[in-house]
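Novice: The task is simple: from the sequences and hints, build the whole structure.
In order, the protein sequences belong to chains U and P. For the first sequence, the numbering used here gives the first residue as 1, with consecutive numbering after it. For the second sequence, the numbering used here gives the first residue as 1, with consecutive numbering after it.
Rather than coming from a laboratory, the hints here were simulated on the basis of the structure. Just so you know, not all the hints are guaranteed correct.
[Stated by the list, open to error] Across the chosen pairs, the derived CB separations fall in these ranges:
#, chain 1, residue 1, chain 2, residue 2, range
1, P, Q164, U, G55, 29 to 35 Å
2, P, P138, U, A158, 46 to 52 Å
3, U, G81, P, T125, 22 to 28 Å
4, U, T29, P, R184, 30 to 36 Å
5, P, N95, U, I159, 45 to 51 Å
6, U, E73, P, G100, 24 to 30 Å
7, U, D97, P, P225, 24 to 30 Å
8, P, R184, U, G81, 43 to 49 Å
9, P, D194, U, D97, 48 to 54 Å
[As the list claims (entries may be wrong)] The calculated lysine-lysine pairs, modelled on DSBU-like cross-linking and capped at a C-alpha distance of 35 Å, are:
#, chain 1, residue 1, chain 2, residue 2
10, P, K51, U, K27
11, P, K221, U, K42
12, U, K25, P, K195
13, P, K120, P, K221
14, P, K120, P, K136
15, P, K110, U, K42
16, P, K133, U, K25
17, U, K24, P, K221
18, U, K42, U, K25
19, P, K172, P, K120
20, U, K25, P, K51
21, P, K195, P, K221
22, P, K202, U, K24
23, U, K96, U, K122
24, U, K44, P, K110
25, P, K202, P, K221
26, U, K24, P, K136
27, P, K195, U, K192
[Said to hold, decoys possible] A few chain U residues that face chain P, going by a derived Cβ cut-off under 7 Å, partial list only:
#, residue
28, Y4
29, A158
30, D162
31, M196
Every residue gets a Cβ at the ideal spot worked out from N, C-alpha and C, and that includes glycine.
If you want the building blocks of each chain, they are given just below.
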Amino acid sequence: MSRYLAFLAVAVVATISFLGFQGKKSKDTPVYVFDDMDYQNKYKAQGENAFFADGRDARPPVTGTVARGTGLEPTKVFSAGYQRAESLNPSFVTGKDAKGTFIAGFPEKSLSFTNGKLNDYKVSQYTLDVGRGKFQIYCAVCHGQAGDGNGIMKVRSAIEGDAAIVTIASLQTPLIRAYPNGQLYDVVTNGKNTMMGYGDKLSPEERWAVVAYVRALQLSQNCPPELVPSAVKAQIK
Amino acid sequence: MRKLLDFLNRPATRGNFFARAVNAAPLQILVCLLITAVVVAAAVNEYATNKYLNVGYTPDQPVAFDHSFHAGPDSVLGLDCRYCHNYVDKSSHSNVPTTGTCWNCHSQVKPDSPALALVKKSMETGEAIRWVKVHKVPDYVYFNHAVHVNRGVSCVECHGRIDQQVVVGQQKSLNMSFCLDCHRNPEQFLRPVDKVTDLAYKAASPAAQTADGTKFVHDWKVNPPQSCSGCHR
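Specialist: Right, dumping it as structure tokens:
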């Protein structure tokens, strides 16, 4: 018996020294003894696929084609009276009017339908809240929380001596204040100079919300005295 | 023990076919079996679950991206999680960022660094960077990031303090009981939606968490499924 217990103790020590305890860091792919249907041969988001030359599950749209809705709404997309909001209201997506000039204000119509007609687009408190949320995630990194161009990228570039110190724009300059809304929208979508576009990250609605919030920021940093609420005025003095 | 064995092996009063040691054998076998059973049960409990098999999986990535430098309030840059994982609140899948996302900043910041050579190559050729997936659930589990993130379930609940990790490793088991812990008691985990990407957030006290959480469960009509088809199909 003592011999068996000694053997068991050795086995336990050997197992622990070989396998360690829970939470042990390892670079090895987890082992699946019975993997059941854990890993199925199906297309997955951002999955790898040896069948295609670029090795991706995700297929880029065919050149020269326009997406007609998503795969989640085939019945709607292929029904008789289907209207594509982006085609009916291109200036909402491009920021330009029919002649190709940037629209000065906000688009008149949105991308949503009521009874087959496009709804009016209105900037509301909700729009500004969305715009602030997105601005603080995507824009403030460079342009700063106040839009003055002093985001963390500028600070780090100053420390590290990177090019971004001179290329990051302040949104409070007279030049950018004078931009029509459509041009601001275009910069958000496609980028400008060294800034890359955020059209892949923000939907058209969110981009217009960001434009609205940038306008609010510009007003906040250059506010005519008569617009300041009296309570705030007292604090300033 | 020794006394017990001496007693069992006491001299026989008359002749016996078997060696004396045999008297103790049934008891010894029983004790050995019991000890073996306990050891095996402990080993299964320790090793045969995701807590051992998956937790701690920290593979090398093709590009040594350091979350603790880039993301979160304590980091140098303080990026929001969603700057890179930008579809997490819109899609069931939380995307690994495109190379273009890296290049938004790195076209200006250290574009020629050897650490970024693969990113630069990917930017020039369009070839994908083969990031190694760390957090996996089986393919018959349909986890939806957007519905969780938009209802106050923080990244930290499943991914841990990614914002403190230099190399990302799995910190939570992600097994089914782990899911059900929260699905059965959502009020213990929900937080204000604007704190979802603040991984350091903690309610003022456990009581405050329960109070806030109960309010969120009510206000947002949170009703986490506990049926099979809620997650499996």
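Novice: Between the alpha carbons of K195 of chain P and K221 of chain P, is the straight-line distance 35 Å or under?
Specialist: It holds: about 19 Å lies between the C-alpha atoms, which stays within 35 Å.
Novice: Does the Cβ distance between T29 of chain U and R184 of chain P fall inside 30 to 36 Å?
Specialist: Cβ of T29 of chain U to Cβ of R184 of chain P: about 31 Å, so the range 30 to 36 Å holds.
Novice: Hint check: K133 of chain P vs K25 of chain U, CA-CA at most 35 Å. Holds or violated?
Specialist: holds (16 Å)
Novice: With respect to the beta-carbon atoms only, verify the hint that D194 of chain P and D97 of chain U lie 48 to 54 Å apart.
Specialist: Given range 48 to 54 Å: violated, Cβ gap about 36 Å.
Novice: Can you confirm whether the C-alpha distance between K110 of chain P and K42 of chain U stays at or below 35 Å?
Specialist: violated (38 Å)
Novice: Could you grab the alpha-carbon distance between K25 of chain U and K195 of chain P and see if it respects the 35 Å cut-off?
Specialist: Roughly 29 Å between the alpha carbons, so the hint for K25 of chain U and K195 of chain P holds.
Novice: Can D162 of chain U be said to touch chain P, with a Cβ gap under 7 Å?
Specialist: This hint holds: D162 of chain U lies near chain P, its Cβ roughly 5 Å from the closest one there, short of 7 Å.
Novice: Holds or violated: 29 to 35 Å for the Cβ distance of Q164 of chain P and G55 of chain U?
Specialist: holds (32 Å)
Novice: Range hint 24 to 30 Å: satisfied by the CB atoms of E73 of chain U and G100 of chain P?
Specialist: holds (27 Å)
Novice: Between K24 of chain U and K221 of chain P, is the straight-line Cα distance small enough, at 35 Å or below?
Specialist: It is violated: about 39 Å lies between the C-alpha atoms, which goes past 35 Å.
Novice: Should the interface hint for M196 of chain U be scored as holding, given a Cβ-Cβ cut-off of 7 Å against chain P?
Specialist: holds (5 Å)
Novice: So if I understand the rule, the pair passes when the alpha-carbon distance is 35 Å or less; does K51 of chain P with K27 of chain U pass?
Specialist: The hint holds at about 16 Å.
Violated hints, listed in ascending order, are 3, 5, 7, 9, 13, 15, 17, 29; each of the other numbered hints is respected by the structure.
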